[in-house]
Amino acid sequence: MTSPKGAASLAPTDIVPPKGLLARALGVFFSPRDTYADIALRPRPLPALILVLALIAATQYAFLSTSVGQRAWVDQALTQQEAWGVPVTPQSVAGVERMQPRAAIVAVVAILVVAPMVMAGMAGILIVVFNAILGGDAKFKQVFSIVAHSGFIGVLQSVFVAPLNYARETMSSATSIGVFLPMLDSQSFLGALVGSIDLFQIWSLLNVSIGLGVLYKRRTSPIAWGLLTTGFVIALIIAGIKAARAGA
Amino acid sequence: MKGKKILIALGVIALLGAVAAANFYFKKDVGVTVAVEGIKTRDLEAIVSASGKIQPKRLVNMSADTSGRVVDLAVNEGDKVTRGQFLLQIDPKSLRTRVDSGSASLEAAEGSLDQQRQAVETARVQLDQTQKNAARQRDLWNQQLTTRETLERAENDVRAAESQLREREKQVTSQAARINQERASLESARYDLSKVRIESPIDGIVTRRNIQEGETAVIGTMNNAGTVLLTLADMSVIQAEVEVDETNIPNVSLGQQAKITIDALPDRTFKGHVTEIGNSPIQPAAGSSQSTQATNFKVVVMLDEQIPDVRPGFTCTADITTAVRQGVVAVPIPAVAVRELIYDAQNQIVKDPRPTRPRRPSEPVPPPRELTPGETRKETEGVFVVRNGLVEFVPVKLGISGDKYFEVLSGLKAGDEVVTGPYNSVRSMAEGDPVKVDPQKR
Numbered sequence: 001m002t003s004p005k006g007a008a009s010l011a012p013t014d015i016v017p018p019k020g021l022l023a024r025a026l027g028v029f030f031s032p033r034d035t036y037a038d039i040a041l042r043p044r045p046l047p048a049l050i051l052v053l054a055l056i057a058a059t060q061y062a063f064l065s066t067s068v069g070q071r072a073w074v075d076q077a078l079t080q081q082e083a084w085g086v087p088v089t090p091q092s093v094a095g096v097e098r099m100q101p102r103a104a105i106v107a108v109v110a111i112l113v114v115a116p117m118v119m120a121g122m123a124g125i126l127i128v129v130f131n132a133i134l135g136g137d138a139k140f141k142q143v144f145s146i147v148a149h150s151g152f153i154g155v156l157q158s159v160f161v162a163p164l165n166y167a168r169e170t171m172s173s174a175t176s177i178g179v180f181l182p183m184l185d186s187q188s189f190l191g192a193l194v195g196s197i198d199l200f201q202i203w204s205l206l207n208v209s210i211g212l213g214v215l216y217k218r219r220t221s222p223i224a225w226g227l228l229t230t231g232f233v234i235a236l237i238i239a240g241i242k243a244a245r246a247g248a
Numbered sequence: 001m002k003g004k005k006i007l008i009a010l011g012v013i014a015l016l017g018a019v020a021a022a023n024f025y026f027k028k029d030v031g032v033t034v035a036v037e038g039i040k041t042r043d044l045e046a047i048v049s050a051s052g053k054i055q056p057k058r059l060v061n062m063s064a065d066t067s068g069r070v071v072d073l074a075v076n077e078g079d080k081v082t083r084g085q086f087l088l089q090i091d092p093k094s095l096r097t098r099v100d101s102g103s104a105s106l107e108a109a110e111g112s113l114d115q116q117r118q119a120v121e122t123a124r125v126q127l128d129q130t131q132k133n134a135a136r137q138r139d140l141w142n143q144q145l146t147t148r149e150t151l152e153r154a155e156n157d158v159r160a161a162e163s164q165l166r167e168r169e170k171q172v173t174s175q176a177a178r179i180n181q182e183r184a185s186l187e188s189a190r191y192d193l194s195k196v197r198i199e200s201p202i203d204g205i206v207t208r209r210n211i212q213e214g215e216t217a218v219i220g221t222m223n224n225a226g227t228v229l230l231t232l233a234d235m236s237v238i239q240a241e242v243e244v245d246e247t248n249i250p251n252v253s254l255g256q257q258a259k260i261t262i263d264a265l266p267d268r269t270f271k272g273h274v275t276e277i278g279n280s281p282i283q284p285a286a287g288s289s290q291s292t293q294a295t296n297f298k299v300v301v302m303l304d305e306q307i308p309d310v311r312p313g314f315t316c317t318a319d320i321t322t323a324v325r326q327g328v329v330a331v332p333i334p335a336v337a338v339r340e341l342i343y344d345a346q347n348q349i350v351k352d353p354r355p356t357r358p359r360r361p362s363e364p365v366p367p368p369r370e371l372t373p374g375e376t377r378k379e380t381e382g383v384f385v386v387r388n389g390l391v392e393f394v395p396v397k398l399g400i401s402g403d404k405y406f407e408v409l410s411g412l413k414a415g416d417e418v419v420t421g422p423y424n425s426v427r428s429m430a431e432g433d434p435v436k437v438d439p440q441k442r
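Respectively, the protein sequence lines represent chains A and B. In case it helps, the numbering used here puts the first sequence at residues 1 to 248. In case it helps, the numbering used here puts the second sequence at residues 1 to 442.
For reference, chain B alone in the conformation it holds in the complex (with noise of 0.2 Å):
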């Protein structure tokens, strides 16, 4: 009976044992786990991202300045040409016609001015002539030898060929005009001619043909891209056109350096420098809603080296170095938090006493306490670094921002554990809360 009293007694010892073994092994430790990283001094580069689009330095679009069907097409897209170089034939029949019916006019017009000028001559000694003859009659009634009426009739035929070559010399002026504009319309035929017959104003390489030999050619205009017949690029000289953001805009200066992927050409890199900044927003395209637009500057790099089968219109990125800084401390650019902090009248900050137990993970963060006269709330930069297995908010002022650390100007020092992640956790934590650290993680 009493060893059966005695195994009871170590049964329940045992299992008692066992419970606070249990209890202690399985504990479940308070806070949650986060990744921590300590604070060193780092080399820094503050990248500004822009995407655009490949452009050469020199871009011509040529377009038909007389319209007609397109008889001869001597490129192909992606043909290299020299300046000069023959491109298209518009057929010239209409427009040698036109030169061909002018010189006829020019010469029929010419003719016709001869003739007149003929009759000018003739209208002349038939004035000389009238003349002559009312003279005479003058004579003869001052001497009472004729009649009055002969004499008036002399002096109305006078008049009469005065009226005639006055007519006739008009019609010379008036022909030697018309000559003029038959001459006139006969170069413009000449000119319209001689524009049926294309050729490249650049060294470079066709980058577009929008047009088939057989079809028409219209007369380009500045506002219908449509009438664009070939695009020809400068490729010796090329730039990134992108897009920066209006937020990264005042960082970036003339002659920042610059490097450039090319979508199209991946795992390389090449030089560039920035060699011209808008001072406008990039105007969205048509159809797009302005307010859902973000506003854009056109930022232009021009590339340093020469890349080879590069082609304009590839999409690339720009990643402009708008500043460097060397042996700085650095952050963790996830383990920065924005916490609103009160300040007194000196602009200290005001701490509120540490909460007399943990925060529990699934509660919510107390909400602010009430400001005393001369308090102010300021939404301010910071941390949160590990001391103790709790958190403390510690604000910090920043310098650059690089590709994954912020430059911290004051508030940390090098080897101080701030809490970098999960992100969740960083965004709802507080000052006081307990925390586990990843030994992964750290």
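Bound-form chain A, shown alone (with noise of 0.2 Å):
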């Protein structure tokens, strides 16, 4: 087996002991520099791809399933639908309402078909900065590795929140920095931004950044710092839409 380029002094394949899907699964929180090497060494992005999609998927259909969960998926997107500025109406509701039963196979779909896409789409960006502008040599699949293999934070999230969700009867972001402050209004652009900001976003760009610091053989706080940077400026445009928006 020959390593990757960008890979190929992290260590030898022979020192460094093959991991398991599930030793990769708990790797990325607990050690997620070895898990990374291991995983830059011998990317392997499908399974952990397909097992974060299926419990994501599972996680969200389990919810949406119960009345509380497909009542709350109505309130969400109508509160999504005044969130960008576009009135509630009786027609809209009645839209949304004739979803509800379906709510739940909707949402697999959605995971399944956008989850992949998004993780591809991140990849790909991240690929063309670290190669092409900052000539590094790393394989689409190993950036893709990474990135899939992050999506277990997102899987904790799920499994975290989905519980929160139902007590609280609503999908509203229950893990975004908008918790700790209430008194923001959700429709101001302070209340947008920090409703944009999740924890778990975080600290799987973090978790990224670890896995890209790895790969690349550059130091983990640049990357970090850029990802989140990128991060917020991209939270603070929604925001500011959301905002003028729901201002209009």
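Hint data in this document are derived by calculation from the structure and do not stem from the laboratory. Be aware that a few hints might be false.
Unchecked claim - The calculated BS3-like cross-link candidates involving lysine-lysine, where the alpha carbons are at most 30 Å apart (straight line), are:
(1) B:K80 / B:K195
(2) A:K139 / A:K19
(3) B:K298 / B:K259
(4) B:K195 / B:K57
(5) B:K5 / A:K141
(6) B:K40 / B:K298
(7) A:K217 / B:K298
(8) B:K4 / A:K217
(9) B:K4 / A:K19
(10) B:K53 / B:K195
(11) B:K80 / B:K57
(12) B:K53 / B:K80
(13) B:K436 / B:K40
(14) B:K40 / B:K397
(15) B:K40 / B:K351
(16) B:K413 / B:K351
(17) B:K80 / A:K19
(18) B:K2 / A:K217
(19) B:K397 / B:K351
(20) B:K436 / B:K404
(21) A:K19 / B:K2
Claimed, not checked - Some chain B residues flagged as far from chain A (calculated, every beta-carbon gap over 12 Å):
(22) E77
(23) N210
(24) G220
(25) E305
(26) P332
(27) K351
(28) K397
Everything numeric in this text was worked out from a predicted model, so none of it was measured. For every residue, glycine included, the Cβ atom is placed at its ideal position computed from N, Cα and C.
Using the hints, put the two chains back together into the complex; each one sits in its own frame.
Rendered as structure tokens:
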């Protein structure tokens, strides 16, 4: 087996013992550097991706199969509609309510279709930045594998949030910074901003940064700052648009 | 290394615990915060409030019967006067001259009448003399002792004397008529002279004085308020003349008790009773738009007690008690709302199934459903009763309206909690909406 060029000096494959999927899933949380070293040496994105999607989809399906979950789903759909400045009308309410019994299926399909595309898109952007701009030579498979494995943080979020959402009877973000700042109006710019910054997303970006640092043999902190800043800018733009549309 | 992993795990658990705690601690309750009030039995009074002015029962506007300069003015505004008391004097000079002139004319006419009567006597004597002369000439003619010419002259003299007598008699009649005319003129002048002295026709106070000494008074006319010199009011009996809206007038009847408050005498109320209810609406003032005016009726409330220092024209408010109920179930007025409900063919309310999820505050009320055959839609008065965190629209039959409460004839019982506010919430609330009861406004 030949190592990818970017990860050639990490460690010989015969010294680093290969980790199983479960070990990798746990390693993402407890020893990310070692885990990502293994992932960089032996990139296998598909099993991780399938497991991540399956767990998240199963959690969402379980939650949205309940009447509480379905009501919360309708409420969340209307909240998002309002947040983007689209007025809630009897017609739009009726449209969303018609979808209510199929909320679990809709959510599972959305996860299975959208999540791989988002992960692939993110891996593609990172490849462009680190290979084309910063002169790295990692393969797409390696970066995609890192991104896919970081999805276990999303699994933890999903497992953590589902019972919370059930108890709260809402699907509004339970892990954003906004939960600590209830005094902010969610339709204001600041409210929308803190509502867009999710603690698990931050954790996930830091996790990906560690993976990228290991893969490209770079220090983690500049990568982390870069990703966090990018995420913050995206959150700013989203919050700005939401606040502007809600105000309009 | 193991210790580091434990630390990471503990840190993650602590963070997740904080997130979970924050979610529950800052959990946003569903539904709007509302004020509620428990239903109790109360004593209610239906009150019709109307504003108007204090007026005396008797009000006399004094005007001049003759025009002229005011030479003596004995009263000021606010003076108390008694019946027959001198008020003012209009210059009598020209009227007195008219009386003197009339007297002289009458005397002259009477003198002339005497002369004319004398002339009638003279004419009568002349007629008698000519008649005798004619009779003599007729005898002489029968004896053929005189000429025909002499006889005819004597007869012509008789006719001339007769004519002269008739003329003199007519002159006397005419002069007598003239004397009557002169006498009437004199009476009129004397009457006018008597009117320059104006006295009070009632006991009361001078409430208005529009004239000053030296000014010229003009003869008063009904349609010209500017000709009123003085206004006298009998303040022994005063009343409140108020304007009652047409929607309230059917509830007002004679004899109903009322409480009157006078703006100029704050912190005091006076008792009265309804003595008069207008049958025709009050005509809008000239220049005001008819379409924008409310239709009001005049209601007179006589005050049952003496009010010192009261003045006509004081603005006042009369609270007329139109109905009284003791110990009835009552609901706060702001709690009552009107909703369109569906009734079946038996006139029973058809309740739609409860919504599967609570309506969001910003979510519009869903449009009414299509009616099935036999169903009708009617606007129904009711209140929102809080049950298990949700509101239920309960139709009520209302009785009289008190100051703050409606009497409830059916639909509610003591102990029910009804939503009383905020106003916008009650207005936009729908069956099944979740609410949070504000403990401060319970």
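Do the hints match the structure? See the list:
1. B:K80 / B:K195: 22 Å, holds
2. A:K139 / A:K19: It holds: about 20 Å lies between the C-alpha atoms, which stays within 30 Å.
3. B:K298 / B:K259: Cα-Cα ~17 Å, so holds.
4. B:K195 / B:K57: 26 Å, holds
5. B:K5 / A:K141: 29 Å, holds
6. B:K40 / B:K298: Roughly 37 Å between the alpha carbons, so the hint for B:K40 and B:K298 is violated.
7. A:K217 / B:K298: 98 Å, violated
8. B:K4 / A:K217: 23 Å, holds
9. B:K4 / A:K19: Roughly 20 Å separates the two Cα atoms, so the pair holds.
10. B:K53 / B:K195: Violated. B:K53 to B:K195 sits at ~33 Å, over the 30 Å cutoff.
11. B:K80 / B:K57: 16 Å, holds
12. B:K53 / B:K80: Distance ~21 Å between B:K53 and B:K80 Cα, so the pair holds.
13. B:K436 / B:K40: Cα-Cα ~22 Å, so holds.
14. B:K40 / B:K397: 16 Å, holds
15. B:K40 / B:K351: The hint holds at about 27 Å.
16. B:K413 / B:K351: It holds: about 20 Å lies between the C-alpha atoms, which stays within 30 Å.
17. B:K80 / A:K19: Violated. B:K80 to A:K19 sits at ~117 Å, over the 30 Å cutoff.
18. B:K2 / A:K217: Between B:K2 and A:K217 the Cα gap is close to 25 Å, so the pair holds against 30 Å.
19. B:K397 / B:K351: Since the Cα atoms of B:K397 and B:K351 sit roughly 18 Å apart, the hinted pair holds (cutoff 30 Å).
20. B:K436 / B:K404: OK: B:K436 and B:K404 at ~24 Å, within 30 Å.
21. A:K19 / B:K2: Within the cut-off at roughly 18 Å; holds.
22. E77: 64 Å, holds
23. N210: The assertion about B:N210 holds, with a minimum of 64 Å to chain A.
24. G220: 70 Å, holds
25. E305: 59 Å, holds
26. P332: 31 Å, holds
27. K351: 20 Å, holds
28. K397: B:K397 clear of chain A: closest Cβ-Cβ about 31 Å, beyond 12 Å.
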